[in-house]
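Just so you know, the sequences run in chain order P and C.
Residue numbers 4 to 624, in the numbering used here, belong to the letters of the first sequence in order.
Residue numbers 4 to 624, in the numbering used here, belong to the letters of the second sequence in order.
Mixed in with the good hints, there may be bad ones.
Straight-line alpha carbon distances no greater than 30 Å define the calculated DSSO-like cross-link-like pairs of lysine-lysine that follow [claimed, not checked]: (1) LYS319/C - LYS529/C; (2) LYS171/P - LYS209/C; (3) LYS614/C - LYS319/C; (4) LYS209/P - LYS171/C; (5) LYS260/C - LYS319/P; (6) LYS263/P - LYS358/C; (7) LYS614/C - LYS100/P; (8) LYS324/C - LYS254/P; (9) LYS548/C - LYS498/C; (10) LYS614/P - LYS100/C; (11) LYS10/C - LYS223/C; (12) LYS264/C - LYS324/P; (13) LYS358/C - LYS254/P; (14) LYS171/C - LYS254/P; (15) LYS522/C - LYS100/P; (16) LYS556/C - LYS621/C; (17) LYS254/C - LYS324/P; (18) LYS100/P - LYS319/C.
Note that these hints are calculated values from the structure, not bench results.
There are 2 protein chains.
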Amino acid sequence: MLSENQKHMLENKALAIRIDSIRATTASQSGHPTSCLSASDIISVLFFSVLNYDYENPLNPNNDRFILSKGHAIPVVYATLKQIGVISDSELLSLRKVDSRLEGHPTPRFPYNEAATGSLGQGLSIGLGMALNARFDKRNYKTYVMMGDGEVAEGSIWEAAELASFYKLNNLIGILDCNRLGQSDETQHGHEVERYRKKFEAFGWKTCVINGHDINEIYKAFEESAKPHEQPFIIIAKTMKGYGLEACENKEGFHGKPFKKEEAEVAIARLKERFAHAASFQGSAHTPPTPQKELLKPHALIEPDITQENFKIGSKIATRKAYGYALAALGRASKDVYVLDADVKNSTFTELFEKEFPNRFVQCFIAEQNMVGISAGLALRGKIPFAATFGAFFSRAFDQIRMAGIGHNALRLCGSHCGVSIGEDGPSQMALEDLAMMRSVPNSIVLYPSDATSAYKLCTTAANYHDGVSYLRTTRMETPILYSAQEEFPLGGCKVLRQSNNDVACLVGAGVTLHEALKAYELLAKEGISVSVIDLYSIKPLDSKTLTKVARKSREHIITIEDHYKAGGIGEAVSSSLINENIKIKQLYVHDVSRSGQPEELLALAGIDAKSIYDAVKEIL
Amino acid sequence: MLSENQKHMLENKALAIRIDSIRATTASQSGHPTSCLSASDIISVLFFSVLNYDYENPLNPNNDRFILSKGHAIPVVYATLKQIGVISDSELLSLRKVDSRLEGHPTPRFPYNEAATGSLGQGLSIGLGMALNARFDKRNYKTYVMMGDGEVAEGSIWEAAELASFYKLNNLIGILDCNRLGQSDETQHGHEVERYRKKFEAFGWKTCVINGHDINEIYKAFEESAKPHEQPFIIIAKTMKGYGLEACENKEGFHGKPFKKEEAEVAIARLKERFAHAASFQGSAHTPPTPQKELLKPHALIEPDITQENFKIGSKIATRKAYGYALAALGRASKDVYVLDADVKNSTFTELFEKEFPNRFVQCFIAEQNMVGISAGLALRGKIPFAATFGAFFSRAFDQIRMAGIGHNALRLCGSHCGVSIGEDGPSQMALEDLAMMRSVPNSIVLYPSDATSAYKLCTTAANYHDGVSYLRTTRMETPILYSAQEEFPLGGCKVLRQSNNDVACLVGAGVTLHEALKAYELLAKEGISVSVIDLYSIKPLDSKTLTKVARKSREHIITIEDHYKAGGIGEAVSSSLINENIKIKQLYVHDVSRSGQPEELLALAGIDAKSIYDAVKEIL
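Construct the entire structure; sequences and hints are all you get.
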């Protein structure tokens with residue numbers, strides 16, 4: 004029960020947060036003050052009476068987590084953290100300036116931002132990952148996710164809502180700031196908050212509908228959320244955009260519009276007048292108790308032992324299957340390794356991990372956006388999550404992957420069934436743009452093994468890469484093992500598999516096209532024609548040094564062959580990297596939409612099989 | 004009310020469909036027979052007693068539409084069309100063969116496939132577009148979308164569900180084939196079909212739960228769906244995967260597993276035994292009446308008159324705003340032009356179209372996947388839809404865009420707010436990978452105007468491009484108008500804006516970087532250094548001929564400058580295209596995650612402002 008004094012304090016803080024949200028956005032002359040005003044009362048109650056948080060260490064694994072999914076309202080959090088003493092007033096007023104940690108939407112440059120948000124509808128999945136993490140680690144912290152009503156039109160919200168209820172995550176608390184107004188229009192449900200209640204209940208959540216500007220109601224809702232229950236919990240708060248200022252309160256046309264300096268002064272005066280009682284508070288503010296001090300543990304190097312696998316040179320095994328073996332081995336080597344699936348575990352072979360570690364396996368069903376968001380949440384809490392699906396279907400989660408790049412989140416993604424070589428299932432199932440997509444992510448690494456040994460070892464590389472997104476591209480069909488267990492695959496390297504003193508060209512392949520290149524090598528050898536062959540297992544970073552060196556000894560001719568479209572693929576990466584080296588490059592790639600057919604037929608149709616490579620070499624001569 | 008004879012016929016057809024689904028997948032030794040068996044009874048009733056369809060002309064605008072969102076079950080449709088006489092038995096048995104129109108998942112190579120599906124969860128949005136189209140054109144056809152229960156975990160389904168109810172699309176009928184089993188696991192709700200009812204009702208749909216193997220119940224459900232109602236309607240059918248064959252019926256482990264030849268023979272014999280009554284039907288089959296014959300009208304060339312706009316060389320206007328003017332002009336020139344928004348119409352300036360043509364403007368709210376899916380549905384029905392949002396947020400719909408590429412759907416997408424030049428909002432709002440994404444789509448065109456005139460004219464190019472996806476990249480900030488109304492911008496061309504006999508390098512820019520290049524030109528000119536400058540308004544196709552020609556006269560040096568990441572961007576496109584021309588290329592691009600700040604500061608930080616270009620030229624000298 005809220006005491007009068009405490010209520011007075013919370014009202015006072017809400018007022019201060021409102022004022023500072025306005026001051027900060029006015030100082031930057033950009034931002035979304037009215038979106039802050041609708042959330043201020045809830046944020047005040049949450050931070051000053053609910054959140055158990057160690058403000059000396061935002062990474063403390065015992066901290067409650069708070070994710071602002073409606074990222075454009077982040078000044079409301081900065082204003083709050085000023086009240087708590089985390090930032091100074093002058094830092095607050097540096098909002099959105101080029102040298103400030105306080106960006107327009109949350110990024111990890113400010114460590115109190117739990118996750119990069121601002122592309123809407125993503126916060127609930129990240130929170131779901133954090134709530135799962137608490138369960139995995141048997142920790143008591145709670146995860147709070149504040150959403151705007153506009154963003155719950157995003158399907159990703161419902162992917163997360165469904166899975167959170169499936170896993171009965173009663174430690175996940177959603178807060179819906181229903182301020183009725185989107186950027187340019189009223190939302191679909193406007194202020195019919197019961198519509199949201201009905202939806203979340205249908206999705207298995209416990210709901211609580213409140214007036215989001217009544218401190219007592221807000222407090223009670225959080226109290227309610229703390230009582231024992233078996234489902235995720237959502238507070239659906241009816242609020243007013245611009246609350247506190249009659250001139251813009253609940254009115255269209257004020258989204259993302261900061262007040263001019265003079266307007267801000269009038270607005271602040273008006274707020275102090277309207278909330279005169281709140282302004283009169285004299286006591287001191289308290290935040291809830293700090294949880295036990297603890298540091299997020301650093302990652303240890305994981306080194307599974309590949310000699311335990313039965314990988315014999317020449318024997319055939321699909322890289323996607325070797326990935327499954329590698330996951331299981333990583334699982335044995337580290338308790339931090341978790342694996343996520345989108346109902347294709349028998350295709351990606353993540354089932355090999357699940358069999359051994361069912362408690363560290365998360366079935367996310369057919370909802371790739373949510374799977375990636377959960378991965379981000381787990382990674383941010385120190386886990387080493389691997390998520391796999393068909394490479395084509397990661398396009399479904401490109402926005403989440405993009406945001407993970409901005410957040411420097413260590414996602415480990417594996418896309419199986421790349422390219423036309425999957426065969427009969429046809430173009431909808433073929434990843435032919437995944438390299439372009441994954442290469443574009445800042446700080447990403449992109450790995451493309453051609454055999455089981457390299458797949459296994461590159462999977463380990465991903466496990467130990469903590470600075471951003473890693474992507475491993477695996478192949479459906481079986482390919483012969485090329486490398487012994489002793490072979491190393493340093494990040495940013497490549498393997499020169501064939502080389503002589505008479506090479507007329509250098510063939511650069513990866514995955515299935517490497518094997519086609521090796522076949523072409525044999526065809527050409529029969530005619531006395533020598534070529535060098537390179538396994539480009541590391542697409543990003545790219546070993547342009549070795550490529551150049553080998554090309555110099557191969558009549559300065561490279562032929563890249565890839566089971567991928569041209570744009571953003573291997574040929575473009577190599578060309579752009581060697582453009583100033585006076586090397587001729589011929590690019591073989593998939594030109595157009597493929598079709599159903601046998602893998603060999605489709606490789607031939609696309610012009611990336613051994614015969615096409617052979618022809619390309621002959622053309623050069 | 005269903006007569007006994009008609010019921011008998013429908014049961015007979017269901018049996019034939021089952022048998023042929025098995026025969027086809029056995030012939031191809033790949034495919035998903037058990038997913039066909041759960042749907043066969045519903046498909047029989049739908050095709051033989053519900054669908055009004057002109058089988059001589061699948062494009063007839065009066066046809067009812069049927070979209071198989073669970074695309075892997077497409078043999079069930081092929082088997083049905085054999086019964087109707089559209090395909091022969093031998094064509095049926097060509098399923099998934101390289102020279103067959105009948106692919107493993109639906110593609111438009113077979114014209115009776117309404118849309119390319121197979122990436123799950125996309126069909127309802129496409130159907131929504133078609134249902135909207137019927138309303139726009141005041142046509143009576145209905146749109147039926149069959150979904151699997153596994154795929155309704157995809158958030159895109161709920162984006163579509165919400166909007167369909169918002170627009171009260173009572174001509175849209177969903178069919179949920181709840182066969183309980185996904186690919187690798189039971190679905191989240193298993194056979195608890197009431198959970199789906201609750202969800203769809205919460206999303207505003209009228210629901211009808213049935214036994215999906217009871218012909219009477221199925222028939223009644225469709226009858227019910229035909230009665231007057233104000234909401235979209237969904238038939239939630241409890242079914243068994245593999246229904247009819249005890250060995251696999253409702254059992255895990257049979258997804259995507261065709262029967263071997265001998266197994267198929269046993270299975271077919273068993274089906275004939277189990278459905279002996281159905282097998283005994285002797286009468287003739289009828290399909291429902293064919294709708295009025297009509298051809299889908301071909302697209303006329305749209306030519307709006309740019310001289311009506313007040314575009315004066317040198318005056319400043321953002322390309323995003325010119326896009327809005329162009330849309331309005333296109334709307335005046337053609338009644339087929341429609342515009343879709345994701346609640347950012349005041350940022351993308353699609354509001355300029357809405358103001359004039361509110362009835363041809365579709366507010367999709369913050370749900371980009373659905374917006375793109377609706378666009379596909381409208382385009383497939385002959386409309387010319389334009390969809391716009393921040394370029395960054397199209398990454399949310401990459402899978403839908405990818406599938407539109409496979410479907411050769413003429414989406415017209417405009418991504419505003421590209422690059423770091425948006426400034427203070429920070430990295431989450433900056434499109435820096437959109438060129439990579441859009442270039443990778445087969446048959447796409449990618450246009451990037453630098454001024455209002457070219458934005459307007461390239462928007463017209465997109466309106467008249469019907470062979471695939473077109474993408475227009477627009478800029479937030481105002482830029483000076485460079486071109487007169489008479490200037491033409493042919494697809495695949497570029498503009499040489501500066502050229503002399505003494506050029507030491509060729510600067511290639513587009514959008515904001517073109518203006519920075521022009522500033523650099525002035526800085527260099529002051530020092531007596533000449534460079535050529537090219538406006539690369541057509542990124543795909545790319546004018547490598549002109550680039551080469553100008554580079555030859557610019558000391559064979561090109562500097563590309565782009566407000567985009569390296570991967571898949573302008574520098575890579577140009578490099579890979581000119582790799583064999585002995586031209587040196589220096590690429591200036593955004594290296595890392597950007598931040599909040601003023602546009603000019605961020606351009607400088609990224610090294611793509613005039614000063615950086617100036618430095619790059621000096622370095623070459």
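Is the hinted pair LYS263/P and LYS358/C satisfied, with a Cα-Cα distance of at most 30 Å? holds, 28 Å
Is the straight-line distance between the alpha-carbon of LYS264/C and that of LYS324/P 30 Å or less? The given pair, whose Cα atoms are some 27 Å apart, holds under the 30 Å limit.
Hey, LYS358/C versus LYS254/P, does the alpha-carbon distance stay inside 30 Å? OK: LYS358/C and LYS254/P at ~20 Å, within 30 Å.
Against the 30 Å threshold, does the CA-CA distance of LYS556/C and LYS621/C hold or violate the hint? holds, 18 Å
Check whether the Cα positions of LYS522/C and LYS100/P lie no farther apart than 30 Å. Holds, at about 25 Å.
With the threshold set at 30 Å, check whether the alpha-carbon distance from LYS324/C to LYS254/P stays at or below it. Answer holds: LYS324/C to LYS254/P is near 25 Å, not above 30 Å.
Please work out if LYS319/C and LYS529/C have their alpha carbons no farther apart than 30 Å. holds, 24 Å
Satisfaction of hint between LYS319/C and LYS614/C, Cα-Cα up to 30 Å: holds, 22 Å
Does LYS498/C lie within 30 Å of LYS548/C when you go C-alpha to C-alpha? holds, 12 Å
Taking only the CA atoms, is the gap from LYS614/C to LYS100/P under or equal to 30 Å? holds, 21 Å
Assess, step by step, whether the Cα of LYS614/P is no farther than 30 Å from the Cα of LYS100/C, and give holds or violated. holds, 21 Å
Is it true that the CA of LYS171/C sits at most 30 Å from the CA of LYS254/P? holds, 26 Å
Of the numbered hints stated above, none is contradicted by the structure.
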